[in-house]
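Quick note, the sequences are listed as chains A and B, same order.
Residues in the first sequence are numbered from 1 upward in steps of one, following UniProt numbering.
Residues in the second sequence are numbered from 1 upward in steps of one, following UniProt numbering.
Since the hints were made in silico from the structure, they are not lab data.
Where hints are given, some of them may not hold.
Treat identical chains as interchangeable: a pair holds within one or across any two.
Below are the DSS-like pairs computed for lysine-lysine, each with C-alpha atoms no more than 27 Å apart in a straight line [claimed, not checked]: (1) Lys32 / Lys15; (2) Lys140 / Lys112; (3) Lys112 / Lys15; (4) Lys32 / Lys96; (5) Lys226 / Lys202; (6) Lys197 / Lys32; (7) Lys31 / Lys15; (8) Lys96 / Lys112; (9) Lys15 / Lys300; (10) Lys170 / Lys205; (11) Lys155 / Lys181; (12) Lys165 / Lys55; (13) Lys96 / Lys107; (14) Lys140 / Lys107; (15) Lys280 / Lys290; (16) Lys261 / Lys55; (17) Lys287 / Lys112; (18) Lys86 / Lys15; (19) Lys112 / Lys243; (20) Lys202 / Lys280; (21) Lys155 / Lys55.
Protein chains: 2
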Amino acid sequence: MELEFLGTGAGSPSKSRNVSAVALKLLDEIKKIWLFDVGEGTQHQILNTTIRPRKIDKIFITHMHGDHIFGLPGFLSSRSFQGGEKMGPLTIYGPKGISDFVNISLKVSQTKLSYELNFVELEEEGLLLENDRFKVYAYKLDHRIECWGYRIEEKDYPGELQVEKLREAKAPSGPIYGRLKAGEVVTLEDGRTIDGKDFIGKAKKGRIVTILGDTRQTPNLKLLAKDADVLVHESTFGKGEGKLARNYHHSTCVQAATLAKEVGVKQLLLTHISARYVGKMVKVLEKEAKKVFPNTKVVKDFDTFNIPFPERKDDEQ
Amino acid sequence: MELEFLGTGAGSPSKSRNVSAVALKLLDEIKKIWLFDVGEGTQHQILNTTIRPRKIDKIFITHMHGDHIFGLPGFLSSRSFQGGEKMGPLTIYGPKGISDFVNISLKVSQTKLSYELNFVELEEEGLLLENDRFKVYAYKLDHRIECWGYRIEEKDYPGELQVEKLREAKAPSGPIYGRLKAGEVVTLEDGRTIDGKDFIGKAKKGRIVTILGDTRQTPNLKLLAKDADVLVHESTFGKGEGKLARNYHHSTCVQAATLAKEVGVKQLLLTHISARYVGKMVKVLEKEAKKVFPNTKVVKDFDTFNIPFPERKDDEQ
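Could you put the whole structure together from the sequences, leaning on the hints where they help?
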């Protein structure tokens, strides 16, 4: 998995930072891409990446502020104009009202999409979706308007079948390998029984990525961020601006770092950077956060991060 | 007056052309700026110009296709965020539905503007607005959906008072200059009467700028473009693609040039260039049009054109 930031600014675009959007690339066998927020100009940013809009099959919206949603109608329309193979469906997850906004925008512009568009408007906190490879959880944050954070849990990869060890045990190769890999107990032709579980290597833990919308500090953040391999957290304000952050329903870099430290996050990526922070001041934001949580980075537009598999203690595997 | 193109592409943004927007800068004493269409990313383009959003007090929308309106909510919101002196009101002229689109976008995003926003939805063709300096006319074009073209007529500048000639006539300077300039007949202290009209130089003709939305060729184009000093015309297709242009409710470069020639246009600016036209092919578009109407240019994003005063025959002045 890889994260690519398409917009890392707050409120309005600036010359150096577009408004919010981040792509989560599910590499490996799935090759789909999920977008989190679609500020105005996200489709323009995508033109400068290797992301192909047809690969984006899910969009998660944190909240309805313009700098997080105004790029949605244009992105959806342009995705429709792309030729070639049949365009797959796309599902948008977001707060109540997101389907109205998109549908009205498409209707007034008389845009007929070439693909199926589905909406899931969030109501209850907890497990939002589950498929073969992922579970996605959504919990409410504390912002000026309804706002959600997302926790993407990759499922564990099952261990590999240890073929060499099976050969040593003189188990015949063939269809029984599939049953052994599934963990079954198999009776061989010579009467011996062997247990698949004894021939499967260690499972590889899946990764956890937490992507938050704009928020004050609130207990749900701990639920969302616990043990995350990567936490994407807003940092609209700097150290010493806690009061401002609270008044404007945002967070400081130090609050984000404190959360990361408290709940065992591996890497903290700070985004939603105010236009007031430029040049050296961005380094100061990062430095202040690093004092609390060393593995912190203030991201820029187009920054890309590979998400490594977590190292776990043996007894957990 | 000056035209600055902020987006010159068709349908979707490309790396080299953004979707539609053009700014008409009313220099001289007014110093206001009028925008024609606001495709997604127009506010981003403005960041790379000297245009200050607060100076934009009128927006004219040609039609409701997404590549002409999806930048409107973001532009309006960001204009609101700008600090400093009190922000003046802004009026949007456009087809029926434009106020719904904007109001719903602002409502769902809970955006409260810091300035007064007014709408004028077009119904009848003809004179749309008149002030001290300008008349703006709107006529319907022939596109897939309701679409309008705008003709901006600058009023003539009255001639200057010929102070030297007054001195020669030994007319005393002072408050009577104002009355003479207004064309009054004034009785001097020495009993002579002098006619202001004899001491006013030639009037300067105002300029005519015609900015069209997407369109097939249709008789209203002639009404809109007659004697225009500058005609901004779409050129989605090239020579020999007349049938395609007709089917998709667009024009070819040669159709635009033919119109310009027929109705006495001074300069033709071709925009709304398809992403199919890049590099040398753009030059070909321009060359084909120039064969019919030599003073033609295919515009690029950020191209800026000063609009010169027309030279008129003496008897017209």
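Tested hints:
Taking the closest pair of Cα atoms, Lys32 and Lys15 come within 27 Å of each other only across two copies (24 Å); inside a single copy the shortest separation is 30 Å, beyond that limit. Taking identical chains as interchangeable, the C-alpha atoms of Lys140 and Lys112 lie at most 27 Å apart only when they sit on different chains, with a minimum of 24 Å there against 33 Å within one chain. Proximity of Lys112 and Lys15 under a CA criterion of 27 Å is satisfied inter-copy only: 24 Å between copies versus 33 Å inside one chain copy. When the C-alpha separation of Lys32 and Lys96 is checked against a cutoff of 27 Å, the pair qualifies only within one copy, where the shortest distance is 25 Å, while the shortest distance between copies is 39 Å.
Proximity of Lys226 to Lys202 under the C-alpha cut-off of 27 Å is restricted to the intra-copy arrangement: shortest distance 23 Å within a copy versus 79 Å between copies. Taking the shortest Cα distances, Lys197 and Lys32 never come within 27 Å of each other, neither inside one copy (32 Å) nor across copies (77 Å). Taking the closest pair of Cα atoms, Lys31 and Lys15 come within 27 Å of each other only across two copies (25 Å); inside a single copy the shortest separation is 31 Å, beyond that limit. Proximity of Lys96 and Lys112 under a CA criterion of 27 Å is satisfied in both settings, with 23 Å inside one chain copy and 20 Å between copies.
Taking the closest pair of Cα atoms, Lys15 and Lys300 come within 27 Å of each other both inside a single copy (12 Å) and across two copies (20 Å). For the identical chains of this complex, Lys170 and Lys205 are neighbours neither inside a copy (30 Å) nor across copies (100 Å), given an alpha-carbon limit of 27 Å. Taking the shortest alpha-carbon separations for Lys155 and Lys181, only the intra-copy value of 17 Å comes in at or below 27 Å, while the best inter-copy value is 85 Å. Neither within a single protomer nor between protomers do Lys165 and Lys55 lie at most 27 Å apart by alpha-carbon distance, with minima of 39 Å and 76 Å respectively.
In the homo-oligomer, the alpha carbons of Lys96 and Lys107 lie at most 27 Å apart both inside one protomer (18 Å) and across protomers (13 Å), since each shortest distance falls under that limit. Within a single copy, Lys140 and Lys107 get their C-alpha atoms only as close as 30 Å, which misses the 27 Å cut-off; across copies the closest is 21 Å, which meets it. In this assembly of identical chains, Lys280 and Lys290 lie within 27 Å of each other by CA distance solely inside one copy; the values are 15 Å within and 51 Å between copies. Taking CA atoms no more than 27 Å apart as the test, Lys261 paired with Lys55 passes in neither setting, with 34 Å inside one copy and 47 Å between copies.
Proximity of Lys287 to Lys112 under the C-alpha cut-off of 27 Å is found in neither arrangement, the shortest distances being 48 Å within a copy and 35 Å between copies. Taking CA atoms no more than 27 Å apart as the test, Lys86 paired with Lys15 passes between copies only; the shortest distance there is 24 Å, against 36 Å inside one copy. Taking identical chains as interchangeable, the C-alpha atoms of Lys112 and Lys243 lie at most 27 Å apart only when they sit on different chains, with a minimum of 23 Å there against 46 Å within one chain. Taking the shortest alpha-carbon separations for Lys202 and Lys280, neither the intra-copy value of 46 Å nor the inter-copy value of 59 Å comes in at or below 27 Å.
Taking the shortest Cα distances, Lys155 and Lys55 sit within 27 Å of each other inside one copy (21 Å), while across copies they are farther apart (54 Å).
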